[in-house]
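Peer 1: Residue strings, one per chain:
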Amino acid sequence: MADRKLVVIPAYNESDSVVAVIESVRDAMSESWDIVVIDDGSDDATGSKAAEAGARVVRTPFNLGIGGAVQTGFIYARDRGYSQMVQIDGDGQHKPAAVESLQAAMTETGADMICGSRFLSDDYTYPAPISRRTGIHIFAFLLSTFLRQRITDPTSGFRLYNRRAIELFASDYPHDYPEVEVVMMLHQHRLKMKEVPVKMNLREEGVSSISTSKSAYYMVKVLLALFIGLLRTRDRQPAEGA
Amino acid sequence: MDHRIQLVAVFGALLLLILVIELVRRRRLNERYALLWMLSAFVILGLSIWQGLLEQLAGLIGIAYPPNALFLAAIFFILLLLLNMSVALSRLQGETRILAQRLAILESDHELTSENDEDS
Numbered sequence: 005m006a007d008r009k010l011v012v013i014p015a016y017n018e019s020d021s022v023v024a025v026i027e028s029v030r031d032a033m034s035e036s037w038d039i040v041v042i043d044d045g046s047d048d049a050t051g052s053k054a055a056e057a058g059a060r061v062v063r064t065p066f067n068l069g070i071g072g073a074v075q076t077g078f079i080y081a082r083d084r085g086y087s088q089m090v091q092i093d094g095d096g097q098h099k100p101a102a103v104e105s106l107q108a109a110m111t112e113t114g115a116d117m118i119c120g121s122r123f124l125s126d127d128y129t130y131p132a133p134i135s136r137r138t139g140i141h142i143f144a145f146l147l148s149t150f151l152r153q154r155i156t157d158p159t160s161g162f163r164l165y166n167r168r169a170i171e172l173f174a175s176d177y178p179h180d181y182p183e184v185e186v187v188m189m190l191h192q193h194r195l196k197m198k199e200v201p202v203k204m205n206l207r208e209e210g211v212s213s214i215s216t217s218k219s220a221y222y223m224v225k226v227l228l229a230l231f232i233g234l235l236r237t238r239d240r241q242p243a244e245g246a
Numbered sequence: 738m739d740h741r742i743q744l745v746a747v748f749g750a751l752l753l754l755i756l757v758i759e760l761v762r763r764r765r766l767n768e769r770y771a772l773l774w775m776l777s778a779f780v781i782l783g784l785s786i787w788q789g790l791l792e793q794l795a796g797l798i799g800i801a802y803p804p805n806a807l808f809l810a811a812i813f814f815i816l817l818l819l820l821n822m823s824v825a826l827s828r829l830q831g832e833t834r835i836l837a838q839r840l841a842i843l844e845s846d847h848e849l850t851s852e853n854d855e856d857s
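Residue numbers (our numbering), protein chains in the order written: chain D, 5 to 246; chain X, 738 to 857.
Next comes chain D alone, as it looks inside the complex (with noise of 0.2 Å):
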């Protein structure tokens, strides 16, 4: 049980588009990567279409969120023995064939989890909406003078995680709009972060799971777990890897 990894694919209401990620993953990655479909308790038929496309598929009871949905994968990496794990998001946003330097980033810098970021190229075009960059932009600009690092683009759930953060998300990971916490509980553990630039597709189908409606609450409340973050204290040491 040399070195498995797994690709994580969170999918909530994604039936028309589940399908398509997994054989773009297939096509894209090694056979060194096993695939498995969270299917946060959809109501539509993404977990029935997901397992006839032949990937593992783990359905919860009901919908628990983005951050309960990508812990359950990580509690699925933990108990199995993965030593990698990446997120890729059920929506197609994310490039499968990228993962490759995610992974090449985290050899280079020995870092615990690895983000592909938009912004990173001089080259890049986000068309979302001037309000969602503007937020994006400003927990960047906070993280990244709190944490003494360049941060740039911290709502990226397209991520790569080693055994380490494998296993402290498996324990703790943020309930709901965790991407932004995520940084900082790397932070305050002493683990490592690094990102490197990466292209995104448009989502073609479905809707982000922040719409306008919600886009107050999901400013408010992660910035309130940004600077409760702040209080709490450092660990001396980074967690313990297995």
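Keep in mind the hints are simulated off the structure, nothing from the lab. Beta carbons are placed, not taken as given, at the ideal position from N, Cα and C, and that holds for glycine. Heads up, some of the hints might be wrong.
To list a few chain D residues with every Cβ distance to chain X over 10 Å, as calculated [stated by the list, open to error]:
no., residue
1, 9
2, 27
3, 35
4, 66
5, 99
6, 126
7, 133
8, 137
9, 161
Partial list, derived from the structure: chain X residues whose beta carbon lies under 8 Å from chain D [unchecked claim]:
no., residue
10, 834
11, 837
12, 838
13, 840
14, 841
15, 842
16, 844
17, 845
Could you slot chain X onto chain D? The hints should help.
Peer 2: Here is chain X on its own, set in the frame of chain D:
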């Protein structure tokens, strides 16, 4: 303090206390949550029986009409109880989430093993 107010306060606090004890006796309320309820009832009861204590408390924090100090104490305990409830709710939510995650993984394992059994 008007004796009618005192009577109502004593009666109310006693009723609350009896209700809480009865609920615990029937195992419909956990001791864990009953404790704060009983503490609230005791304090309200104490303050409504010992007028001197209530007047002292009112004087200490500048309340002219002592029964208002009783209301203040009651509101304080209500807030505390509500907060206690939110803490309990958060804990339950966390536990439910863990259960759901474990169940999801177990179910998926189970499906896989039963499929394999059918194959063999």
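Peer 1: State for each hint whether it applies.
Peer 2: Right, here's what the structure says about each hint:
1. 9: Residue 9 (chain D) is indeed farther than 10 Å from all Cβ atoms of chain X, at 18 Å.
2. 27: holds, 21 Å
3. 35: Since the minimum Cβ distance to chain X is about 19 Å, residue 35 (chain D) lies beyond 10 Å and the statement holds.
4. 66: Non-interface label fails for residue 66 (chain D): nearest chain X Cβ at 7 Å, not farther than 10 Å.
5. 99: Residue 99 (chain D) is indeed farther than 10 Å from all Cβ atoms of chain X, at 27 Å.
6. 126: Per Cβ check, residue 126 (chain D) is outside 10 Å of chain X; nearest 40 Å; holds.
7. 133: The assertion about residue 133 (chain D) holds, with a minimum of 31 Å to chain X.
8. 137: holds, 31 Å
9. 161: At roughly 18 Å from the nearest Cβ of chain X, residue 161 (chain D) sits farther out than 10 Å, so the non-interface label holds.
10. 834: holds, 5 Å
11. 837: For residue 837 (chain X), the interface hint holds, since the closest Cβ of chain D sits about 5 Å away, which is under 8 Å.
12. 838: With a minimum Cβ separation of about 4 Å from chain D (threshold 8 Å), the hint on residue 838 (chain X) holds.
13. 840: holds, 6 Å
14. 841: holds, 5 Å
15. 842: holds, 6 Å
16. 844: Holds - the Cβ of residue 844 (chain X) comes within 8 Å of chain D, reaching about 7 Å at its closest.
17. 845: Interface hint status for residue 845 (chain X): holds (4 Å vs cutoff 8 Å).
In this structure, the one hint that does not hold is number 4.
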